[in-house]
Amino acid sequence: MQHPPARRYRPPAPLGGRRRAQDGSMRRSAKAFGFLAPALIVLGLFVIWPMFSALRLSFTDASGFGEPEWVGLENYAEVFTDPDLLKAVTNTALYTVLFTPTAVLAALGLALLLNSPHLPFRGFFRTALFVPFVVSFAVAAFAWSYLIDPHVGLLNYWLRGMGIQLGNVLQDPQLAMPAVAFVAVWKLFGFYFVIFLAGLQDIPASLYEAARMDGAGPLSRLRHVTLPLLSNTMAFVLVFAMIAALQAFDQIYVMTGGGPYGSTQTLVMEIYESGFRKLELGFASALSYVLLIATLLLSLVQFAFFGRKEKDLA
Amino acid sequence: MTRTRILLSAGGAALALAATACGGGGDTGGPVELTFWHGYTEADGDVLEGIVDDFNESQDDVTITTEVKTWASIDDSLLTALSAGEGPDIVAMPAERLPVYADKGAFAELDDFYADESSNTADLVEGAASMVEVEGTKYGVPTGFVPLAVYYNTALFEAAGVTEFPQTWDEWVATAERLTVDEDGDGTPEQYGAVLPDHATVANGLWPSLFYGNGGNIVEDGKAVIDSPENAATLEYWRTAIVDGQISPTGVDGIGADELFSAGKAAMTVGGPWMASIAEENGIGYEIAAIPAGPEAQAASAIGVSMGITVDAGDEAQAAAEEFFAHFLNDENAAAWSLGSGWPPLRTDVPTEAVSANPVVVSLTEMSDLGRPLLPGVVNSVDVLAAVDELTQRAMAGEDVDALLAEAQAEIQAALDE
Chain C
1 MQHPPARRYR PPAPLGGRRR AQDGSMRRSA KAFGFLAPAL IVLGLFVIWP MFSALRLSFT
61 DASGFGEPEW VGLENYAEVF TDPDLLKAVT NTALYTVLFT PTAVLAALGL ALLLNSPHLP
121 FRGFFRTALF VPFVVSFAVA AFAWSYLIDP HVGLLNYWLR GMGIQLGNVL QDPQLAMPAV
181 AFVAVWKLFG FYFVIFLAGL QDIPASLYEA ARMDGAGPLS RLRHVTLPLL SNTMAFVLVF
241 AMIAALQAFD QIYVMTGGGP YGSTQTLVME IYESGFRKLE LGFASALSYV LLIATLLLSL
301 VQFAFFGRKE KDLA
Chain E
1 MTRTRILLSA GGAALALAAT ACGGGGDTGG PVELTFWHGY TEADGDVLEG IVDDFNESQD
61 DVTITTEVKT WASIDDSLLT ALSAGEGPDI VAMPAERLPV YADKGAFAEL DDFYADESSN
121 TADLVEGAAS MVEVEGTKYG VPTGFVPLAV YYNTALFEAA GVTEFPQTWD EWVATAERLT
181 VDEDGDGTPE QYGAVLPDHA TVANGLWPSL FYGNGGNIVE DGKAVIDSPE NAATLEYWRT
241 AIVDGQISPT GVDGIGADEL FSAGKAAMTV GGPWMASIAE ENGIGYEIAA IPAGPEAQAA
301 SAIGVSMGIT VDAGDEAQAA AEEFFAHFLN DENAAAWSLG SGWPPLRTDV PTEAVSANPV
361 VVSLTEMSDL GRPLLPGVVN SVDVLAAVDE LTQRAMAGED VDALLAEAQA EIQAALDE
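In order, the protein sequence lines correspond to chains C and E.
Position one of the first sequence corresponds to residue 1 (the numbering used here), numbered consecutively onward.
Position one of the second sequence corresponds to residue 1 (the numbering used here), numbered consecutively onward.
So here's chain C without its partners, still in its complex pose (with noise of 0.2 Å):
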């Protein structure tokens, strides 16, 4: 099999000499700053400064009155010494082993079987399973609360007349995180997908060819071409699942406030009852760093282990 001929882009010679060049080039970057302006300034002000705002007053004792005392590495300090903690880091893991591979699991699942051109009505499906996506978390979480109610949910009533007992989910120190981390997967699957899907498309029809012609079954085609092209798509993906994950905060807010007894109460719940409720800004931003912190590395860690499949492949 012949591959078609690199096409290898050669920029145009410029047509006037070089000082019209270096104008025109400086023109572009003026342009192009131009252009980036408005994103800039939003991500300046309220994803830049407010980072840097946070970074300050972990280390003062800041409770949003008054003038703040600079306390040093003290909150720092409390962070890895605080009790709860270590129940909410435990929790979070919990929940990122219960949504990670489930959504991504999902996600990819569905978007083999959409890739296939034989399936029919299939922009119909691929919208559907996008709409989740679309709800605000808050609505997701208040809709499913509903459902699974114990005395008035809809599914738990069709489970009844199936003779399956839900019991009462949400105050089940055992099966409420489970429950939260379902409705996540529900919410965010349907992002993953597209991207998948994308992912999918973006494989040459060529190499399946090729290996159908090697006699490779469908199984191995999968093995051995689809997952190892995925593979960028499938590190962004895994990042992207194990990000939201770690931050995990909105449909626990709403569903279980943590309870019960603490059984849902992951990093984020934390961080809000410090800020919000106890009114340690100090704390709540230490704790806040020490997420970002964690979550980077973790992130840096799969980067490379996917980043190192790749230079295999190649």
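One or more hints might be untrue.
[Claimed, not checked] Simulated DEER-style distance windows between Cβ atoms:
1) N282(E) <-> A143(C): 23 to 33 Å
2) L155(C) <-> P31(E): 48 to 58 Å
3) L36(C) <-> G45(E): 44 to 54 Å
4) G45(E) <-> P120(C): 50 to 60 Å
5) P218(C) <-> N282(E): 55 to 65 Å
6) L147(C) <-> N56(E): 39 to 49 Å
7) G72(C) <-> E281(E): 54 to 64 Å
8) V301(C) <-> G45(E): 49 to 59 Å
9) E281(E) <-> F130(C): 37 to 47 Å
10) L155(C) <-> E158(E): 32 to 42 Å
[What the hints assert, rightly or not] Far from chain C, by Cβ distances over 12 Å, these chain E residues were calculated:
11) T66
12) V181
13) A289
No wet-lab data here; the hints were simulated from the structure.
Where a beta carbon is used, it is the ideal one built from N, C-alpha and C, also for glycine.
Guided by the hints, dock chain E onto chain C, whose structure is given.
Frame of chain C; chain E shown alone:
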């Protein structure tokens, strides 16, 4: 690029806390304009608006504008609003939430106001006044203080042939057993005698009330005292009644309790004055009774609401707000507010005749001696109440009471020591 973006999205958690302080306040010239946040949304809200309007008309120096929010959203938005200098001058909030704000410097000290005779604070109900105090300093005035009470469904009582409301715990449990009906015998009653939530109870007060009944407590003089034989006995007693005797469903919270009562599925619930209007809306005939006496005492945790003057108010605004507080607590309004809100009068010198037009107020006023303030002066009530919730929930789930109490004791003491 991708990594930077990841870094930035990971920073989302940090962003949530980006609010920084840049104080505000101070007015010049013209009448002083005050904003007042509160969460009174029912009939009580109308009465409060009336009192505010009346105050605005009574003089030309101060104009108060009210902003009605839910109690939860007041708590959620006050910090950010105040730190942005956009906060209200006066804010009402659940009384147990006031100390943490006061401790962080969000409220003006009112000791001088209290010392002034014209403030109308001399005869405030003691428990109510204790809820606005942190380390000996007053930071607000109470707007509500009412003991939790039992609201019961008269039709269900009649159907079961119960004529007398129980006076002691044993009678209470016996009555609840009579009112618990499991018609199809599947082991799950269709109607419960009572609904006693095991966590997030109304105003967090059910379990404190029960602890008091047996001579126990949660915090005394700044020390955790929850790990006591009295409290162990209380938990065992109610676990037997609720879990073995099935007088109440398990795993219910305060809101769930309201729902079960208003659906006619529970004959008794422990709640606040709003249960009266909820019962009426749902066509349920009800009576109000004091929480029956425990072996040692008859007592009930009180639901408190307090209002304070925020740091956003300057000196002039503070003086204006104090003027309003005195107006709110004057003879006429003390009675009008009680009548309209359905909460007992905040001043002990309001004569019974002044509120006799509202039967709910009359019943609640009769039992107001039983009301005890919840965790007065405790700054970190969040962690204390979380520990109590965990304790009661796990105790009702059958875990070892002594171990749970020891654990709660340690957690509460740590919260107090912070």
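Verification of the supplied hints:
A hinted range of 23 to 33 Å for the beta carbons of N282(E) and A143(C) is consistent with their spacing of about 24 Å. Our hint of 48 to 58 Å for L155(C) and P31(E) holds, since their Cβ atoms are close to 56 Å apart. The hint said 44 to 54 Å for the Cβ distance between L36(C) and G45(E), and at roughly 49 Å that hint holds. Under the hint 50 to 60 Å, the C-beta atoms of G45(E) and P120(C), about 56 Å apart, fit the expected range.
Checking the proposed 55 to 65 Å range against P218(C) and N282(E) shows it holds: the Cβ atoms sit about 60 Å from each other. The hinted window of 39 to 49 Å between L147(C) and N56(E) holds, with their beta carbons roughly 47 Å apart. Here the CB-CB span from G72(C) to E281(E) is close to 56 Å, well matched to the stated 54 to 64 Å. In this structure, V301(C) and G45(E) meet the distance hint of 49 to 59 Å, their C-beta atoms being roughly 55 Å apart.
Taking the beta carbon of each, E281(E) and F130(C) are about 41 Å apart, inside 37 to 47 Å as hinted. Between L155(C) and E158(E) the Cβ separation comes to about 37 Å, which falls inside the hinted range of 32 to 42 Å. With a least beta-carbon separation of about 23 Å from chain C, T66(E) lies farther than 12 Å from that chain, consistent with its non-interface assignment. Every beta carbon of chain C lies more than 12 Å from that of V181(E), the smallest distance being close to 17 Å; the non-interface claim holds.
Distance to chain C confirms A289(E) as a non-interface residue, since its nearest Cβ pair spans about 26 Å, more than 12 Å.
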